[in-house]
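With the hints as extra help, turn the sequences into a complete structure.
Protein sequence lines, in the order shown, are assigned to chains A and B.
Mapping the first sequence onto the working numbering, position 92 (from 1) lands on 92, and the numbers just tick up by one.
Mapping the second sequence onto the working numbering, position 131 (from 1) lands on 131, and the numbers just tick up by one.
Calculated from the structure, these hints are not laboratory results.
The C-beta atom is built at its ideal place from N, Cα and C for all residues, glycine as well.
Please note that the accuracy of each hint is not assured.
Capping the alpha-carbon separation at 16 Å, the derived lysine to aspartate or glutamate pairs in EDC-like fashion look like this [claimed, not checked]: (1) B:K263 to A:D50; (2) B:K273 to B:D227; (3) B:K208 to A:D26; (4) A:K91 to A:D25; (5) B:K253 to B:E217; (6) B:K194 to B:D227.
Simulated restraints on C-beta separations [unchecked claim]: (7) A:I115 to B:I14: 35 to 43 Å; (8) B:G219 to A:L154: 42 to 50 Å; (9) B:S245 to A:L11: 27 to 35 Å; (10) B:V18 to A:Q153: 31 to 39 Å; (11) B:S243 to A:L119: 23 to 31 Å; (12) A:A7 to B:G40: 35 to 43 Å.
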Amino acid sequence: MKGLSTAKLALLAAACLVAELTILDDLSWRGARVELLLLLACFAALFARDRRQALFSCWLIGLIKDIGSSGPLALHALLFLLAGWAIVSVKQIIFRESVLTQLLVAAAGCAAVGIATALVVSMTAGGIPASHWLTKTLMSTLATALLAPIVVQLLLQTRCLVR
Amino acid sequence: MMLRPRSLRGAPVILAGVSLAMMLLPSAASQKPRLLLLAGLIPLRATSTGAAQFAGRFIPSASASDTEKVKLEHLQGRVQELSARVMDLQGQLETVAGARGILTDPKLILLPADVVVNADSNAWRRSMVLSRGSSHGVSRGMLVLWQRHLIGRIIEVSPWTCRVLLVTDSGFRIGGLALPKAYDESVPLANRDKGVIEGTGDRTAALKWIQGDALLETGATVVTIADPATGVPRGLLIGKVTSVSRGSGLYPKVEVLPFVNAKSLDSVAIVLKADK
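Structure follows, in structure tokens:
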């Protein structure tokens, strides 16, 4: 099977960023939205042929997400890298083609990245009420996890997008 | 146990180190390239509007062969295009005219600006990108209004774009006052319910640090208080009080819902100083 193309993943990430800032933001509920770029990073971590490419792709996707952010540069790059590293570490013992695995990986990644981002924003910009943390992270995690198997299947079927 | 080559083991550490180094960059240095990249969306915005108008002209009709009819359709398309432009300019004019009444300082100029991106990719932040930058005289700290409503404050500027921190962002702070629904002459207005408006990172803001015995009530209008040091005028509209909870703490928790949904804005006005 042909490996993933980092350049194509980066282009796809740029398109996903535009979607996140426009359509997905309009569809968000109380600020909770689908983390499309995180899904792409999870996909790269799960299906990249080698570890180095998986981690670099995750980092690059995070950096692309940082373009549209008012927070510190490379915050998402670092968090996506850590999420990717965690996925790559357990890749050998999970069945990545399983819908449940994809759902759980996306949920864990989204929750971890969401909480870590909220923590950094609270420390650097200002406090976020605890009730917002819980509601938003929970809703965002649920929406992202439910969409994960669909996105993964879509990317696996339309190979020209990522290979 | 199988060992990985050294280069593979070191890759995440190097990337993490690069990320940390980038995170330590001052905001002024890291935001400029990002805003420059987002400036690429300005022509996209114009193109999408133009394309929609252009497509509207060529909607197929059953008897389009008639030359006069084609001409008429062309002219109708042109009229639609110009009407859209007039509406756009009218929107900008209303934005500026609404705010002009509240800015009494003649040194303050209102610069209309289009919204390029009205969202933040960080789910916990609230910001928007405007199509004006340092080449138009915009600088950090300037206020952004829509009619008489305060939308936010400029936090970063590039030559053609700038980023606005919205009132609902957790990093936004400004002096505010809750105007009571009924006037009580025993309490001077100047002493009432003054506090600090802080965003919550969600769609609301909070009025903090106000006295526990203040005459706060749900539905009260929250406006800015004058701050000559930062150039904030008195009376810019922010929102209305949606809930007041007095717990055991010294200060009550006051939730403020902004009057304007920043997501729905197409154009805003930046308050410039004439000497800039």
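**Report entry** Numbered hints the structure breaks, given as an ascending list
**Finding:** Hints 1, 3, 4, 7, 9, 12 are the ones this structure does not satisfy, whereas the remaining hints hold.
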